[in-house]
Amino acid sequence: EKLSLGRSEVFCDFCDERKQKAVKSCLTCQSSYCETHLEPHHRVPRLKKHKLINAVENLEDYICQKHERPLELFCRDDQTCVCLSCTEGDHRNHNTVPIEEESQQK
Numbered sequence: 006e007k008l009s010l011g012r013s014e015v016f017c018d019f020c021d022e023r024k025q026k027a028v029k030s031c032l033t034c035q036s037s038y039c040e041t042h043l044e045p046h047h048r049v050p051r052l053k054k055h056k057l058i059n060a061v062e063n064l065e066d067y068i069c070q071k072h073e074r075p076l077e078l079f080c081r082d083d084q085t086c087v088c089l090s091c092t093e094g095d096h097r098n099h100n101t102v103p104i105e106e107e108s109q110q111k
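Using our numbering, you'd call the opening residue of the sequence shown number 6 and step up by one each time.
Simulated from the structure, these hints should not be mistaken for lab results. Warning: the hint list may mix true and false statements.
Derived lysine-lysine pairs resembling DSS-like cross-links, with alpha carbons at most 25 Å apart [stated by the list, open to error]:
#1 Lys-24 x Lys-71
#2 Lys-56 x Lys-24
#3 Lys-56 x Lys-71
#4 Lys-26 x Lys-71
#5 Lys-71 x Lys-54
#6 Lys-53 x Lys-26
#7 Lys-26 x Lys-54
Note that this is a predicted model, so its numbers are computed, not measured.
Work the whole structure out from these sequences, hints included.
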């Protein structure tokens, strides 16, 4: 069980001296970024394809334990988050939608 230090702020993994507050976390890189260090994700073509979410402390919770890929979809049949590989196996032919779409429905 992780101990909470009573702060939910997430800091940039790449700031050296003074850690800046992270604005986004990348599920593909498994890192959190401040505005400055996030910039390549907006500019570099291969990084633009990465899955960015609002900065979170527990990035491992957003990764599929079975396939070690980002949880990008929600399986409405099983009411659980799944990765793209899951949709080719256990969740094949299930009703899946992007996580963002499902969270807007609630």
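How the hints compare with the structure:
Distance check on the hinted pair: Lys-24 and Lys-71 sit about 33 Å apart at the alpha-carbon level, beyond 25 Å; violated. The hinted pair formed by Lys-56 and Lys-24 meets the criterion: a straight-line CA distance of about 23 Å does not exceed 25 Å. Between Lys-56 and Lys-71 the CA atoms are separated by roughly 18 Å; this keeps the pair inside 25 Å, and the hint holds. For the proposed pair Lys-26 and Lys-71, the alpha carbon gap of about 31 Å is over 25 Å, so the pair is violated.
Simply put, Lys-71 and Lys-54 have alpha-carbon atoms about 22 Å apart, close enough for the 25 Å limit, and the pair holds. Distance hint between Lys-53 and Lys-26 is fulfilled; the C-alpha atoms sit about 21 Å from each other, no more than 25 Å. For the given pair, Lys-26 sits about 23 Å from Lys-54 by alpha-carbon distance, which is consistent with the 25 Å threshold.
Consistency with the previously given hints fails for numbers 1 and 4, ordered from lowest to highest.
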